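Protein chains: 4
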Amino acid sequence: MSRVSLLSDLLASIGARSWFAGDEAPASVEVPEIAALCHRLVSSRGEATGVRMAAEIINGVRALDDKGIKRFFHMLAEEFSPDPVELAEAAGAYAAEPTPTSLAALQHVAEPPRQELFRRLNLAPGGTAELVKLRERLLPLVRKDPERLGPVDTDLKHLFQSWFNRGFLMLRPIDWNTPASILEKIIQYEAVHAIGNWDELRQRLAPIDRRCFAFFHPSIPDDPLIFVEVALTDDIPASIASVLDPARPVIAPEDAQTAVFYSISNCHKGLASVSFGSFLIKQVAEDLKEHFANLKTFVTLSPVPGFAAWIEALPQELRDRLEPAEKRAIEVVGRKDWQADPAAVDEIRSGIMSLAARYFLRAKRSDGQPQDAVARFHLGNGAMLNRIMHLGDPSARGLTQAHGLMVNYLYDLPRVEQRHEAYATEREIAASRAVTGLLPGRSGHTLKDVA
Amino acid sequence: MSRVSLLSDLLASIGARSWFAGDEAPASVEVPEIAALCHRLVSSRGEATGVRMAAEIINGVRALDDKGIKRFFHMLAEEFSPDPVELAEAAGAYAAEPTPTSLAALQHVAEPPRQELFRRLNLAPGGTAELVKLRERLLPLVRKDPERLGPVDTDLKHLFQSWFNRGFLMLRPIDWNTPASILEKIIQYEAVHAIGNWDELRQRLAPIDRRCFAFFHPSIPDDPLIFVEVALTDDIPASIASVLDPARPVIAPEDAQTAVFYSISNCHKGLASVSFGSFLIKQVAEDLKEHFANLKTFVTLSPVPGFAAWIEALPQELRDRLEPAEKRAIEVVGRKDWQADPAAVDEIRSGIMSLAARYFLRAKRSDGQPQDAVARFHLGNGAMLNRIMHLGDPSARGLTQAHGLMVNYLYDLPRVEQRHEAYATEREIAASRAVTGLLPGRSGHTLKDVA
Amino acid sequence: MSRVSLLSDLLASIGARSWFAGDEAPASVEVPEIAALCHRLVSSRGEATGVRMAAEIINGVRALDDKGIKRFFHMLAEEFSPDPVELAEAAGAYAAEPTPTSLAALQHVAEPPRQELFRRLNLAPGGTAELVKLRERLLPLVRKDPERLGPVDTDLKHLFQSWFNRGFLMLRPIDWNTPASILEKIIQYEAVHAIGNWDELRQRLAPIDRRCFAFFHPSIPDDPLIFVEVALTDDIPASIASVLDPARPVIAPEDAQTAVFYSISNCHKGLASVSFGSFLIKQVAEDLKEHFANLKTFVTLSPVPGFAAWIEALPQELRDRLEPAEKRAIEVVGRKDWQADPAAVDEIRSGIMSLAARYFLRAKRSDGQPQDAVARFHLGNGAMLNRIMHLGDPSARGLTQAHGLMVNYLYDLPRVEQRHEAYATEREIAASRAVTGLLPGRSGHTLKDVA
Amino acid sequence: MSRVSLLSDLLASIGARSWFAGDEAPASVEVPEIAALCHRLVSSRGEATGVRMAAEIINGVRALDDKGIKRFFHMLAEEFSPDPVELAEAAGAYAAEPTPTSLAALQHVAEPPRQELFRRLNLAPGGTAELVKLRERLLPLVRKDPERLGPVDTDLKHLFQSWFNRGFLMLRPIDWNTPASILEKIIQYEAVHAIGNWDELRQRLAPIDRRCFAFFHPSIPDDPLIFVEVALTDDIPASIASVLDPARPVIAPEDAQTAVFYSISNCHKGLASVSFGSFLIKQVAEDLKEHFANLKTFVTLSPVPGFAAWIEALPQELRDRLEPAEKRAIEVVGRKDWQADPAAVDEIRSGIMSLAARYFLRAKRSDGQPQDAVARFHLGNGAMLNRIMHLGDPSARGLTQAHGLMVNYLYDLPRVEQRHEAYATEREIAASRAVTGLLPGRSGHTLKDVA
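Chains as they are written, first to last, in UniProt numbering: chain S, 1 to 451; chain G, 1 to 451; chain W, 1 to 451; chain E, 1 to 451.
In short, the hints are calculated from the structure, not lab data.
Since this is a predicted model, take the numbers as computed values, not measurements.
Backbone N, C-alpha and C define an ideal beta-carbon position, used for all residues, glycine too.
Among the hints, erroneous ones may be present.
[Unchecked claim] According to the in silico footprint, chain W covers these stretches of chain E (three or more CB under 8 Å from chain W):
#, stretch
1, 90 to 97
2, 106 to 113
3, 121 to 128
4, 236 to 243
5, 320 to 327
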């Protein structure tokens with residue numbers, strides 16, 4: 001049965017045209033047809049026609065334009081939510097008499113039919129990847145209309161947390177022997193230090209002092225979920241430029257003392273906040289340690305994405321209470337091309353470092369965590385803020401976001417668990433003396449008060 | 001940190017010993033310790049220690065004896081169910097005002113924490129397989145105490161239906177080039193026609209007129225979930241003996257006109273009622289068709305497991321209304337070794353076939369489906385009951401269960417969808433004329449009335 | 001034992017320094033040391049130290065500069081040839097009395113010890129590839145000094161014909177899922193229509209109407225030996241531009257009627273005249289036919305590398321006897337940018353085609369084969385010269401070599417064997433009527449006389 | 001073109017029937033037809049029809065019965081040998097004037113056309129394996145008629161030494177995850193300690209203290225060439241029974257101190273004396289050492305196949321000069337079931353050990369090597385005779401061949417090269433003090449004199 005006939009048969013049989021009578025502007029015929037198929041897929045008792053129906057829906061949804069997809073998500077929000085009447089009844093029954101039976105009944109009606117729909121859409125060839133792309137289209141709409149579309153996202157995310165469970169992911173090396181079809185995605189996904197072309201990619205992967213690892217899901221074997229690039233070095237490098245320099249001295253991996261995680265990129269917006277990054281770094285660190293006995297230090301070379309914005313947002317009154325060197329630094333970094341003036345660079349070193357220490361150690365969000373998103377990620381993993389590097393990243397982005405700062409987070413494997421716990425429960429920020437020593441001394445106040 | 005110290009640290013810190021104060025008989029210390037770890041695993045904010053904790057729990061649970069595992073499941077039922085107070089509140093709030101927010105809150109508290117626990121246990125190496133084994137131990141206990149343990153099973157099954165979604169399964173051929181470690185499992189799992197040893201296994205897999213296919217899950221790559229054995233033949237065979245006869249004429253696969261699915265076995269009790277069998281047969285049929293253009297007929301050679309029991313259970317008054325030939329057949333099959341007496345075999349042919357036709361076409365359960373479990377499976381897949389074979393299986397089991405009957409179900413690929421629908425919605429039983437013609441004619445009553 | 005000590009031990013023990021007393025100019029110490037190891041490797045009775053010695057020699061040879069490698073090959077010519085005295089004796093003994101024993105003795109001394117040396121060098125990791133590179137360095141020297149170095153090449157080539165036997169080669173598809181490390185070699189090796197960068201490579205491999213296949217040797221699994229690029233099309237294309245046009249209409253492979261072999265490249269100079277190209281085209285044609293039932297026509301789109309040179313070399317007296325249109329064509333193609341002048345292109349069509357027909361059908365080498373190397377290859381494979389295309393390749397190289405001509409050779413699979421035989425034994429050139437019809441008519445002479 | 005028509009066409013065209021006029025008894029028509037194809041294959045200028053012709057010949061030869069195959073080999077000996085006249089001429093020419101040209105000419109005619117024939121037969125699918133089987137059929141005939149068939153074998157062996165060069169072989173583990181199709185060959189090929197069935201095979205492969213490795217050739221990927229079975233143990237075991245005991249304590253591989261090579265089997269008679277066994281043991285030893293750092297000792301547990309025969313063959317006069325304990329031992333082991341009588345076993349210990357020491361250390365062949373074939377193999381590899389074990393193998397074969405003796409050869413990796421050299425050049429037999437101390441003391445004579 002061809003797609004057209006399947007659709008028309010269906011529409012004929014279930015009177016789908018009635019959807020047109022909605023109060024929305026004249027709609028493309030598409031979404032109602034898709035909706036009809038969705039209902040049919042969810043309600044089909046056997047799974048016999050499932051694969052074909054799922055493929056039809058997936059294809060139909062993929063072809064929807066922005067207006068259509070919005071309508072599709074609205075449809076999911078309205079037609080595939082729990083039945084409020086039934087749910088209220090079940091909730092009432094359970095509230096009245098909490099038994100296993102009334103609980104099961106309540107759970108059954110509380111689970112949105114969307115979840116079963118998504119599970120059945122996964123029957124389509126490539127279904128898992130398509131569902132991830134679906135959420136990528138959903139997320140911007142959720143931001144604009146969280147009340148209406150938030151529940152749809154909740155269900156997709158709930159499913160993904162089950163499906164993209166670490167237990168199902170495969171860690172695979174990415175190197176110059178990896179298929180080109182995957183490597184071109186690495187070029188495309190690299191989010192931290194852009195890879196301009198295949199020659200630059202080769203520079204990242206082929207030298208013997210480089211490693212790259214990615215997580216894959218078995219149902220999406222040709223598309224990584226997240227990857228991390230690693231440089232094997234003698235010491236902790238002072239800037240990203242020294243790491244990426246093609247003329248650097250290349251050391252034999254077995255001689256390396258330090259593994260630098262200098263870039264970590266999530267590949268799919270549709271998997272936002274389905275976290276597996278922490279597993280990646282720690283597993284890669286452990287695997288490397290096993291292979292190269294001389295490796296002693298595992299550090300990141302990380303951006304400080306929120307630093308400039310935080311300074312910008314400091315209210316004047318608090319700004320007045322900064323140290324003179326800090327005030328001076330703020331003044332200088334406001335100038336164009338200050339980074340090209342060695343005297344200026346030198347002059348503001350102590351001020352900028354002092355500001356940075358405040359930013360990381362004192363400036364907190366309402367939940368007690370640091371302002372910096374990257375810091376939250378690594379500290380939450382159990383890493384320690386190890387070193388702050390003035391002008392570690394003098395790229396345009398580095399200057400705009402962080403006035404050129406970069407930092408290291410240190411993964412001290414034997415202490416990672418303990419630090420993770422201390423951060424998770426006490427919001428304790430692990431920082432080296434080199435960093436805590438940067439805080440302005442006994443000056444009688446802290447930026448905590450300030451921010 | 002070794003297991004012992006992790007456990008004692010933990011118990012010290014959270015006062016786990018208090019569990020001993022329960023009303024149960026003096027318990028092994030094991031389950032409370034495991035329970036403490038389970039609580040910790042579920043409540044840990046990050047996923048940092050998750051892998052290790054999950055492995056500890058898995059190991060601990062695996063070592064539990066029958067008494068211990070029962071206690072463990074009770075613990076899951078009691079300590080990892082939704083909080084009745086919170087849930088009643090949320091249910092009440094939603095009933096009072098059904099908004100997205102109150103719905104989300106209700107859903108959140110309605111999901112048993114067990115589900116998150118199971119998802120996190122999957123972090124352990126081999127976790128997926130271990131959870132399947134866990135359900136295998138749970139199911140017999142559920143049967144005895146469905147009220148208390150049913151909800152635990154509901155959660156495991158819910159998870160498995162998501163994880164063992166057809167979209168995640170891999171179809172792989174099983175042949176004489178398959179690793180021995182997998183083949184020995186085929187010997188062990190074969191549930192229909194036992195495989196006595198490796199030579200018999202070779203007879204099933206190596207000849208060019210034999211095929212075998214299995215579904216695998218990517219996280220359990222060395223253990224099949226379900227497999228089907230196929231014989232490529234000229235015609236539909238009249239008995240299982242002719243299919244398995246080592247001295248049969250072997251035909252070239254490209255000349256075969258018929259593919260006979262003569263054995264299909266589920267491998268894991270822990271996946272009971274997580275159905276993927278229907279996908280297997282249809283995908284194998286389609287794959288075979290693509291490779292061997294001459295294949296025209298796809299049939300099973302199936303047992304009739306409920307036939308003898310159904311006859312046994314017929315009330316006397318209804319039994320009185322059977323045709324004389326049917327009565328005679330019932331009498332003969334009650335004798336020992338009737339199948340060895342050619343005259344007897346011949347005498348009862350029409351009576352037994354007539355009874356069989358009633359059994360398949362008239363005898364229904366309260367839900368309108370046939371009594372026979374295998375019939376429900378294949379008819380539900382969209383197959384047609386094609387032929388009934390007197391003494392198709394004269395093995396001890398065949399005689400005990402089905403007085404020697406075997407049947408074919410025909411998978412007519414272009415009509416499978418339609419038949420599936422007709423069965424699913426109308427309980428329409430697709431049967432060939434050869435079968436419907438066996439029903440006792442205009443005798444004025446049907447066994448439908450009878451049964 | 002490190003390399004240095006192994007070498008010095010050895011040299012000490014066998015007095016290798018005596019080689020310095022040779023009559024050659026002051027030599028690098030390298031070659032004599034390598035020579036000593038070579039003798040030791042060949043004469044070692046067991047194979048115990050073989051792997052290490054082979055690796056030492058391979059490394060040493062690879063490091064030799066042009067002067068050193070020449071000396072190394074001279075050393076092989078002198079020190080690893082059959083012993084003339086022994087050989088003369090054995091030859092004499094056999095000539096006197098030809099028995100199995102005297103034959104075996106003669107064969108034994110007639111085989112140059114180089115052959116055993118090469119076989120033992122293959123013990124080194126990557127030895128096979130290194131020996132291929134060795135011959136690549138040898139061949140230019142052989143051309144200059146065939147008397148002295150020809151026998152060394154004979155032995156290497158003899159070995160390669162045994163090792164790179166078609167029976168050992170693996171045919172593998174090259175596509176966008178191929179490892180980048182192999183794909184970068186495709187860019188580098190493409191010898192017919194250059195691939196400028198990775199985007200162009202993607203254009204050659206990723207579209208669904210493109211295929212590429214290569215032969216690999218199991219001991220050099222990451223480096224192809226020869227590869228062919230194929231376009232799947234409706235009709236035989238009239239120019240290479242239309243084949244490579246990124247804006248061409250792309251057809252589904254299963255609809256294609258024609259497979260165009262538009263580029264075939266040998267990858268290793270060191271395998272020159274170790275022929276496997278004919279196998280490649282025919283096997284690819286057969287494999288494609290099996291997958292895509294609609295494919296009916298298998299043609300090349302081939303350059304005519306010797307055409308311009310042949311015209312250039314025509315003696316004046318013979319040139320005088322050409323047809324007027326031919327003379328005119330020769331005149332026009334002598335002008336710069338004639339191909340950009342549509343009138344000129346049109347004017348010379350018949351003349352240039354007529355010349356081309358003479359070139360292919362009449363101009364022969366002393367061995368009776370055509371002048372054109374590409375023609376010899378395809379005709380020798382059993383293909384037919386199918387069509388000559390005026391301005392099929394207006395690239396700079398196409399104009400310089402062939403005044404823009406391209407041709408098709410047709411692989412008519414059922415007739416390939418017969419044509420191969422006719423060409424091999426009778427030098428019969430299979431050509432379509434479209435081609436033979438181009439020959440200047442009853443003009444009373446043929447270019448055969450001319451050339 | 002079918003086989004029949006190809007053959008008849010061919011025979012018609014080349015008058016093959018004339019072969020019937022030979023002086024041999026009335027022949028099957030087969031061999032002459034095959035011979036005609038062989039000539040055609042070798043003389044075909046291109047390689048176009050090669051694959052098909054090679055397959056025809058291979059199929060034809062495989063179908064030959066014993067008489068036919070003998071005739072086929074005679075045909076190869078007669079029709080595919082160098083032309084004696086041409087060779088004599090070339091030999092004379094070279095003897096007269098030894099130039100590169102005359103050498104090349106001589107080499108060309110000295111190489112039997114058989115070699116090119118064998119290389120071209122390798123074009124057939126599965127050709128390499130077929131050629132190995134061909135030699136398996138040849139070898140028994142060579143033993144009976146070395147004069148006529150020896151040269152044919154020389155050529156096949158020459159080719160195999162080139163093709164089965166260690167550089168082309170792949171070392172692969174054999175374990176319980178290996179395909180059953182390969183494992184059944186292990187059962188079949190095991191030549192030292194028979195494997196009775198699949199359960200015994202599992203006992204050899206699956207336990208964690210067992211390893212097995214095999215060499216494969218890339219063109220015969222489903223059939224091992226040689227394999228070795230290894231037990232990981234604490235100490236050097238005193239008998240094969242203790243190694244194979246299913247009730248032995250199984251140790252973790254990482255704790256093992258000793259790797260015992262207790263069985264090594266060549267798989268193909270057709271590869272006799274194409275040696276790769278020495279590579280296998282040493283590479284396995286090195287690979288194991290790399291994986292399991294605690295491994296310190298690498299020993300064999302080996303049979304002594306020639307011991308009983310050597311005693312049997314001692315001339316009376318020399319036998320008279322043995323020590324009394326030795327004489328007594330010879331007397332006892334002549335009795336039936338002596339090994340079942342503990343007193344007898346104990347009584348002859350010193351005598352039998354003393355005889356064994358003589359056998360290994362004193363009894364030499366004319367070439368200076370020990371009598372024992374297994375000893376020659378391991379000593380030639382650079383191993384040391386480490387220990388002699390009285391009643392190490394009380395199996396029927398062990399008693400018959402070696403009066404129950406087993407021995408260890410120790411592979412002391414750092415000294416293997418040196419010992420290999422000493423043995424290869426000086427016939428120096430490396431033996432432990434435990435072994436040399438067994439020699440009868442200052443008794444004034446040695447068995448060297450004796451034997």
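Checklist entry - Residue count check for the stretch 236 to 243 of chain E against chain W: does it reach three with CB-CB under 8 Å? => result violated (count 0)
Next on the checklist: So is the stretch 320 to 327 of chain E in contact with chain W by the C-beta rule, three or more residues under 8 Å, or is the coverage claim wrong?
Outcome noted: Not satisfied, violated; 0 residues make the cut.
Next on the checklist: Closer than 8 Å Cβ to Cβ for three or more residues is the test here. Does the stretch 121 to 128 of chain E pass it with chain W?
Outcome noted: holds (count 5)
Checklist entry - Quick check: the stretch 90 to 97 of chain E, covered by chain W? Criterion 3+ residues, Cβ under 8 Å. => result Three-residue rule met by the stretch 90 to 97 of chain E, so holds; n is 5.
Checklist entry - Do three or more residues from the stretch 106 to 113 of chain E put their C-beta atoms closer than 8 Å to C-beta atoms of chain W? => result holds (count 5)
Hint compliance for this structure: hints 4, 5 are broken, all remaining hints hold.
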